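Trainee: Here is how the chains run, residue by residue.
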Amino acid sequence: MIKVLKIKGDSLYPQYKNGDFVVIARSPFLFGKIKIGDIIVFQHAQYGLMIKKVLEIHSNGYDVRGSIVESVDSRQLGLILFNTVLGKVIWHIRQ
Amino acid sequence: MLHKIFKSIDQVIKFDTAKAHCDIPCGIYDPHHAQLGALTVIRMIDLMKGLESEHPEKDANWHNSMSRYIAVKEEHAEMVKHEVRVIWGDFMKPEHAEKFPELLPLVDKIMKLGSKARQTADRQMALDLLAAVNRFAEIFWEIKGIPTKKAKAPYAPAEEVVYPVL
Chain A
33 MIKVLKIKGD SLYPQYKNGD FVVIARSPFL FGKIKIGDII VFQHAQYGLM
83 IKKVLEIHSN GYDVRGSIVE SVDSRQLGLI LFNTVLGKVI WHIRQ
Chain B
612 MLHKIFKSID QVIKFDTAKA HCDIPCGIYD PHHAQLGALT VIRMIDLMKG
662 LESEHPEKDA NWHNSMSRYI AVKEEHAEMV KHEVRVIWGD FMKPEHAEKF
712 PELLPLVDKI MKLGSKARQT ADRQMALDLL AAVNRFAEIF WEIKGIPTKK
762 AKAPYAPAEE VVYPVL
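Protein sequence lines, in the order shown, are assigned to chains A and B. The opening residue of the first sequence carries number 33 in the numbering used here; numbering runs sequentially from there. The opening residue of the second sequence carries number 612 in the numbering used here; numbering runs sequentially from there.
No lab work stands behind these hints, which were simulated from the structure alone. Just so it is clear, the structure is predicted and the values come from calculations on it, not from any experiment. This list has only true hints and no planted wrong ones.
When the alpha-carbon atoms are kept at most 20 Å apart in a straight line, the in silico SDA-like pairs for lysine to any residue are as follows:
#1 40(A) with 618(B)
#2 760(B) with 640(B)
#3 625(B) with 125(A)
#4 630(B) with 51(A)
#5 625(B) with 55(A)
#6 49(A) with 613(B)
#7 40(A) with 615(B)
#8 618(B) with 34(A)
#9 755(B) with 46(A)
#10 630(B) with 86(A)
#11 710(B) with 101(A)
#12 618(B) with 47(A)
So the derived label-pair ranges between C-beta atoms look like this:
#13 77(A) with 620(B): 25 to 35 Å
#14 614(B) with 115(A): 29 to 39 Å
#15 657(B) with 92(A): 54 to 64 Å
#16 69(A) with 775(B): 24 to 34 Å
#17 63(A) with 626(B): 11 to 21 Å
#18 756(B) with 55(A): 31 to 41 Å
Some chain A residues judged to face chain B by a derived CB distance under 8 Å, without partners named:
#19 37
#20 38
#21 39
#22 53
#23 81
#24 103
Each residue gets a CB set at the ideal place from its N, CA and C atoms; glycine is no exception.
Excised from the complex, chain B in its bound form (with noise of 0.2 Å):
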């Protein structure tokens, strides 16, 4: 009723407004498209191992399919490195730092696995990458108070990812 009121009140003279700001978008932070860009760093790694193997003779259709993949784990790693960034510069604060040492070399690790994911096709860094996103996923999610667990992928490569149980 009150706030009708003043509600009312303020279509007509416009109240000033005090900002209890926070940054954009607000609140909407998920590691998940970083640990979904890691898992496609490795499918793409066994695809081209895959495509070697399988196809020893390099036609066109060899060329083309090895450079997309090629192309797909250039683009999955840049935005595993990306999506890490936001969520290191813009959500976490100096006192989740402090509450996690290992978080500053982690985001360290993250960036330089990821740009080795461009440089190479290495499966065992890949992995690597993977566990690092991972350990930043389950930090994430303590700081938000939200507990995790991990399971399986229920795709290619199948590899092991942390989920936050809701």
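The following block holds chain A by itself, in its conformation from the complex (with noise of 0.2 Å):
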């Protein structure tokens, strides 16, 4: 239901910070549905587990950016389908 995990990386920098660690649910019942601007948590074939904030909801997926210029996200990677999506941010513990 819920589960921890350490972030690598800088692209949600400066909020995120590489070390943080955040909480993710894994139920949307729980903390709401997964809205714009919120930090999710999504399986990707090439990267393997990744976290971005929302940008736009579309039928098809989730717009995902990271807040640095030099992102990887779905100006790369296209829509993030829901299904790969593992869970939102509740709760992040900053260094």
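Starting from two chains that each stand alone, build the complex the way the hints lay out.
Mentor: This is the structure in structure tokens:
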């Protein structure tokens, strides 16, 4: 239902930094549906588990972005399919 | 405090990592090397022409110097193309090309001028290469939100270069 993850990388800098921890909710019912601005964790075939911010919600997936221009996100990956999303961040443990 | 607790737990049970992935090297892009390359091409053409006019006797030393100038010109013209390709391919995104419609033709122009810089010893063409690279640098720094200024390089060939104002 919930999962703890460690962040690797700085594409969500400065809000989320390399080495921070997050707790994600894997069930949408306890903490509400995913909405624009939420930070989500999803599985990508090439990159593995990724964490990004939801920019837009489309009928067939989420358009996600990082905070910095060099971020690898939906601009390269395309929309993130709903069934690849593990959950959204409900708690951020900063350094 | 909380982070220390989670860090200690992580050392024992190893939480999975979620990648906030960005291209590697993360954020380290700078058009400065491309600008240096373009300046070097101009400088080598100046040295080649100087050698031709000041030392008409083509002895072994003459050939040695001329060969070295040409080799450096070749190398730096290729460096211009490489550096611009990396920034264009790895840093710039489709929205940048939308915001700056001149970007794609500008990159194409730099590639072609870079090749011309290897094929010829045309100074005006080398100046055109520097101008195109300077414009590319201006756009790069504007994307980064950093203002720029133009100033003459403090060394030969002392041509105008775009610098970030940090």
